[in-house]
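A.B. asks: Each chain, written out:
There are 2 protein chains.
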Amino acid sequence: MIRPWPVHERKQLLETTIFKLHTHGSTSPRTGSRHEFVVLEAPDWVNVIPLTVEGEVVMVRQFRQGRGEVTLEIPGGMVDPDDPDPEHAARRELLEETGYFPRRLEPLGVVAPNPAIQSNLCHSFLARDLELRGAPQLDSTEEIEVCRVPLVEIAQMIRDRRIDHALVVAAFWHLRASGLVPSWGA
Amino acid sequence: MIRPWPVHERKQLLETTIFKLHTHGSTSPRTGSRHEFVVLEAPDWVNVIPLTVEGEVVMVRQFRQGRGEVTLEIPGGMVDPDDPDPEHAARRELLEETGYFPRRLEPLGVVAPNPAIQSNLCHSFLARDLELRGAPQLDSTEEIEVCRVPLVEIAQMIRDRRIDHALVVAAFWHLRASGLVPSWGA
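Protein chains in written order, with our numbering: chain A, 6 to 191; chain B, 6 to 191.
Bear in mind the hints are in silico, worked out from the structure with no lab data behind them.
The model shown is predicted, which means the values in this text are computed figures rather than measured ones.
Do not take every clue at face value.
Pairs count within a copy or across copies, as identical chains cannot be separated in the list.
Straight-line C-alpha distance at most 20 Å; calculated DMTMM-like pairs for lysine to aspartate or glutamate [stated by the list, open to error]:
| no. | residue 1 | residue 2 |
| --- | --- | --- |
| 1 | Lys25 | Glu14 |
| 2 | Lys25 | Asp87 |
| 3 | Lys25 | Glu41 |
| 4 | Lys25 | Glu46 |
| 5 | Lys25 | Asp49 |
| 6 | Lys25 | Glu101 |
| 7 | Lys25 | Asp85 |
| 8 | Lys16 | Glu41 |
| 9 | Lys16 | Glu150 |
| 10 | Lys25 | Glu150 |
| 11 | Lys25 | Glu92 |
| 12 | Lys16 | Glu158 |
| 13 | Lys16 | Glu148 |
Chain A with its partners taken away, still in its complex shape (with noise of 0.2 Å):
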């Protein structure tokens, strides 16, 4: 039976725009030996699968500066203070990111992005009958290419690393999953 390790003490280290990072001085029940760990707190993420009634997904295109590459994904970001749920938070996202408003959204699932180090989850969601509402909405540190990729084609996108972000695999395994799409090709 494993038991919760009490924290004794937590210190913030430094703050930014994403996270604030905290270590945890924390006592294991097996030894009673005490150890610190780092913990980045975190806002929880949304990210959405938007699919057009032709069977696309509408997936982004933006350079990453953790992998210092240009990479394809699902809209997504995250859950601000002004956003009274993560649902509001993935319509958001999603029109700012593409310019489509989502008519009809429905949760998905939840993941921890992280248990280990960080305390957040991820929220996905699908989106359907899209509404074009107008150009994207980008701020200065943001440049994104807006693409359409057929749903029949992203299983084999994801086994020859077109697109490769966790959080995106893990929204399309609950998209799969859920049975609410039938046609997913290979």
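Starting from the known structure of chain A, fit chain B onto it as the hints suggest.
C.D. replies: Chain B alone, transformed into the frame defined by chain A:
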């Protein structure tokens, strides 16, 4: 056409046992404006789906400081400097955390845990022909319970969040897409 952003300056803010925190000063090719981004430089990670001849996945329960919860995960960890490759790290982590040595280890796929803020990749493997070589070898910061979960129950457990680690879900995506294991239940 999205172009890479030139990085003009890299600064290390701090170093922990699992990552180095850097800032990148970088310029948008679209607007010419300069911004600062936070990047976690970390070694690659591995995780392993150990599958018994009975169709059970060998999993590990442990307390995770980030979420402050006891989680159910597949074995995994960092690629250490002494590991010649991710495959070696996968064998080592599996043996350390569960006591099982995989006589057969097959690569399943690779994801980027978070390309926006992390530099590293996570390599997933399928381990079969498992040989129990002894008790788990845990260090004093680890407290792990080994358990077995029928593969046919995994999809339901992800659905109801008994399993919710994004990198574990991504590994199961790759296993499912690989066709290496025919029986998935739901």
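A.B. asks: Measure nothing new, just compare the shortest in-copy and cross-copy C-alpha distances for lysine 16 and glutamate 41 to 20 Å and report within, between, both or neither.
C.D. replies: Result: close within a single copy only, 10 Å intra versus 24 Å inter.
A.B. asks: Please sort lysine 16 with glutamate 148 into within, between, both or neither, judging by C-alpha distance up to 20 Å.
C.D. replies: For lysine 16 and glutamate 148, the Cα distance exceeds 20 Å both inside one copy (35 Å) and across copies (23 Å).
A.B. asks: Is it within, between, both or neither when you check lysine 16 against glutamate 158 at 20 Å Cα-Cα?
C.D. replies: The answer is neither: 46 Å in one copy and 40 Å across copies each exceed 20 Å.
A.B. asks: With 20 Å as the alpha-carbon cut-off, assign the pair lysine 25 and glutamate 101 to within, between, both or neither.
C.D. replies: Cα proximity of lysine 25 and glutamate 101: none, with 25 Å in one copy and 32 Å across.
A.B. asks: Within, between, both or neither: how does the pair lysine 25, aspartate 85 come out at a Cα-Cα threshold of 20 Å?
C.D. replies: within (15 Å within a copy, 26 Å between copies)
A.B. asks: Between lysine 25 and glutamate 92, at a C-alpha cutoff of 20 Å, which is it: within one copy, between copies, both, or neither?
C.D. replies: neither (24 Å within a copy, 33 Å between copies)
A.B. asks: Please sort lysine 25 with glutamate 150 into within, between, both or neither, judging by C-alpha distance up to 20 Å.
C.D. replies: neither (30 Å within a copy, 30 Å between copies)
A.B. asks: For lysine 25 vs aspartate 49, is the C-alpha pair at or below 20 Å within one copy, between two copies, both, or neither?
C.D. replies: Result: close within a single copy only, 13 Å intra versus 23 Å inter.
A.B. asks: When no copy is specified for lysine 25 and glutamate 46, does a C-alpha distance of 20 Å or less occur within a copy, between copies, both, or neither?
C.D. replies: both (5 Å within a copy, 16 Å between copies)
A.B. asks: Since the copies are identical, ignore which copy is meant and state whether lysine 25 and aspartate 87 lie within 20 Å (CA to CA) inside a copy, between copies, both or neither.
C.D. replies: Within one copy, since 19 Å is at most 20 Å while 31 Å is not.
A.B. asks: Between copies, within a copy, both or neither: which fits lysine 25 and glutamate 41 at Cα up to 20 Å?
C.D. replies: Classified as both; 16 Å inside a copy, 16 Å across copies.
A.B. asks: If the cut is 20 Å between Cα atoms, do lysine 25 and glutamate 14 qualify within a copy, between copies, both or neither?
C.D. replies: within (15 Å within a copy, 22 Å between copies)
Of the numbered hints listed earlier, those contradicted by the structure are 6, 9, 10, 11, 12, 13.
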